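J.: Sequence:
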Amino acid sequence: MKQKLTSLGGNLFSLLLAVILAVAVWMNAVSTDDPDETRILSVPLAIEVVGLRDGLVVQGYESVDVQVTFRAPRSVWSLLVPENIHARMDLTGKAEGEYSVPIRIQTDVSPVLVEAVEPSKVDILIDRLASRSMAVHVQLAGNLAPGFQAGTPTVSPESVSVSGPEAVVDQIAQIVATVDIEGVRSAMDQSVELIPLNTEGTVVTGIAIDPASVSVSVPVQQLGGYRDLVVKVPLLGAVKNGYRLTGLTINPQVVTLYSDDPDVIRTLPGYVETRPLDISGAAADITESLSLVLPNGVQVVGDPLIVVQVSISAIEDSITISRPIRFQGLETGLSVTLSPAFVDVILSGPAPVIWSLKPADIDVYLDLTGKGMGTYKLTPEVNLPVGLKLVIISPEQVEVVIEKAAVTPTP
Numbered sequence: 512m513k514q515k516l517t518s519l520g521g522n523l524f525s526l527l528l529a530v531i532l533a534v535a536v537w538m539n540a541v542s543t544d545d546p547d548e549t550r551i552l553s554v555p556l557a558i559e560v561v562g563l564r565d566g567l568v569v570q571g572y573e574s575v576d577v578q579v580t581f582r583a584p585r586s587v588w589s590l591l592v593p594e595n596i597h598a599r600m601d602l603t604g605k606a607e608g609e610y611s612v613p614i615r616i617q618t619d620v621s622p623v624l625v626e627a628v629e630p631s632k633v634d635i636l637i638d639r640l641a642s643r644s645m646a647v648h649v650q651l652a653g654n655l656a657p658g659f660q661a662g663t664p665t666v667s668p669e670s671v672s673v674s675g676p677e678a679v680v681d682q683i684a685q686i687v688a689t690v691d692i693e694g695v696r697s698a699m700d701q702s703v704e705l706i707p708l709n710t711e712g713t714v715v716t717g718i719a720i721d722p723a724s725v726s727v728s729v730p731v732q733q734l735g736g737y738r739d740l741v742v743k744v745p746l747l748g749a750v751k752n753g754y755r756l757t758g759l760t761i762n763p764q765v766v767t768l769y770s771d772d773p774d775v776i777r778t779l780p781g782y783v784e785t786r787p788l789d790i791s792g793a794a795a796d797i798t799e800s801l802s803l804v805l806p807n808g809v810q811v812v813g814d815p816l817i818v819v820q821v822s823i824s825a826i827e828d829s830i831t832i833s834r835p836i837r838f839q840g841l842e843t844g845l846s847v848t849l850s851p852a853f854v855d856v857i858l859s860g861p862a863p864v865i866w867s868l869k870p871a872d873i874d875v876y877l878d879l880t881g882k883g884m885g886t887y888k889l890t891p892e893v894n895l896p897v898g899l900k901l902v903i904i905s906p907e908q909v910e911v912v913i914e915k916a917a918v919t920p921t922p
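Residue numbers 512 to 922, in the numbering used here, belong to the letters of the sequence shown in order.
For the record, the hints were derived by calculation from the structure and aren't laboratory data. Bear in mind that the values here come from a model prediction, so they are computed numbers and not experimental data. One should not assume that every hint holds.
[What the hints assert, rightly or not] Calculated pairs, BS3-like style, for lysine-lysine (alpha carbon to alpha carbon, straight line, at most 30 angstroms):
hint : residue 1 : residue 2
1    : 605       : 632
2    : 888       : 915
3    : 900       : 882
4    : 900       : 915
5    : 888       : 751
6    : 915       : 869
7    : 915       : 882
8    : 869       : 888
9    : 900       : 751
[To be verified] So the derived label-pair ranges between C-beta atoms look like this:
hint : residue 1 : residue 2 : range
10   : 551       : 640       : 29 to 37 angstroms
11   : 812       : 554       : 33 to 41 angstroms
12   : 773       : 859       : 55 to 63 angstroms
13   : 573       : 648       : 45 to 53 angstroms
14   : 762       : 839       : 15 to 23 angstroms
15   : 818       : 573       : 45 to 53 angstroms
Backbone N, C-alpha and C define an ideal beta-carbon position, used for all residues, glycine too.
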């Protein structure tokens, strides 16, 4: 019996050893085909908060990104995406106070080993969640256009809810809606983002405002004796023949006039003229500062000069010219026959240039450098005066026949 047990024990040991060897061989084969790789996750992780008691709020982790180094088989790395990885901060059982809390990494895939977490801990502050209602204050920034004044702004809603850590909420002195009125000439209605400020006028962060923006209306009216009029520029003469006026820019387009006598202002037409601008014979752009022609007792509020820019361009025209084709670069001992020998050249450009054009100004040629005997289809080149554009050559190609030159017999 003892001999049988000894034999059985030996057999079990051999079997166990065989299994261990088989597993080792299998693990080695798997490791060879799918080796472990250690990498840093390419995308930093945001921290998730778990276990925070109701009525509490936590600060200090919002801007912290966690960098994780994993070791995992190569085949698993394709699954290691942010959606399958969680950087968690467990605040279960923690009351108000300051803490240094470890970051725990959990993954939805396996096998994965966390090699390193940076940072491994984060310093936080847990505070009571506070909420209170605060009135909205409207601040006007900038200056209205001269001669205008702003009335009392109205805001809707007039108060908003502010919530966040109690210590931060207590810092808020006012909720401000800032409206830019620089250069404004009429009433304003706009949506304005709200800004929380402390007693020193510094922006308070880390709180929520509901709603985050409000509707602000600012009444604007013109003072007595002031009036806005559009500017008109009288043009004298005509531009040079072959040119045309393509634009007129007036800056400013509207001016504010003032008079001690409001009746004088009221009787003015809806525009005011500058002194005339003479464009007779002009062939280029004109820029000039002009004064306004004003009735007695009326003055301009601000700069009295109007900057006027007149844009002038040449009228576009086109022309068709028939020109012979010259050739260059023909080797000695060869002759050439062109078919056709003339082409029509269609050009476009400024009318004054077109009108002064002579046929000899257009050079049409073929470069036969390196061409031996044979028949070719070639496109002529065209030399043009400055300012002209080639529309098309007709025909676009010519037949070029290069032959051996005939030998003239010696008499």
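J.: Now tell me if each hint is right for this structure.
T.: Checked hints:
With a C-alpha separation of about 16 angstroms, the suggested pair residue 605 and residue 632 falls inside the 30 angstroms cut-off, and the hint holds. Only pairs whose Cα atoms come within 30 angstroms are accepted, and residue 888 paired with residue 915 is accepted, the gap being roughly 18 angstroms. About 29 angstroms separates the Cα atoms of residue 900 and residue 882, which keeps this hinted pair within 30 angstroms; it holds. Note on residue 900 and residue 915: the hinted pairing is violated, with a Cα-Cα distance of about 37 angstroms set against a maximum of 30 angstroms.
The straight-line distance between the Cα atoms of residue 888 and residue 751 is roughly 45 angstroms, outside the 30 angstroms bound, and the hint therefore fails. Among the hinted pairs, residue 915 with residue 869 is inconsistent with the structure: their alpha-carbon atoms are about 36 angstroms apart, more than 30 angstroms. With a C-alpha separation of about 12 angstroms, the suggested pair residue 915 and residue 882 falls inside the 30 angstroms cut-off, and the hint holds. Taking the CA atoms of residue 869 and residue 888, the gap is near 28 angstroms; set against the 30 angstroms cutoff, the hint holds.
Distance restraint check for residue 900 and residue 751: the Cα-Cα separation of roughly 22 angstroms lies within the 30 angstroms cut-off, and the hinted pair is therefore satisfied. Between residue 551 and residue 640 the Cβ separation comes to about 36 angstroms, which falls inside the hinted range of 29 to 37 angstroms. Remark: the range hint 33 to 41 angstroms for residue 812 to residue 554 is contradicted by a beta-carbon distance near 59 angstroms. For residue 773 paired with residue 859, a C-beta distance near 58 angstroms keeps the hint of 55 to 63 angstroms intact.
In this structure, residue 573 and residue 648 break the distance hint of 45 to 53 angstroms, their C-beta atoms being roughly 27 angstroms apart. Taking 15 to 23 angstroms as the suggested C-beta distance range, the pair residue 762 and residue 839 does not conform, at roughly 55 angstroms. The beta-carbon spacing between residue 818 and residue 573, approximately 51 angstroms, falls within the hinted interval of 45 to 53 angstroms.
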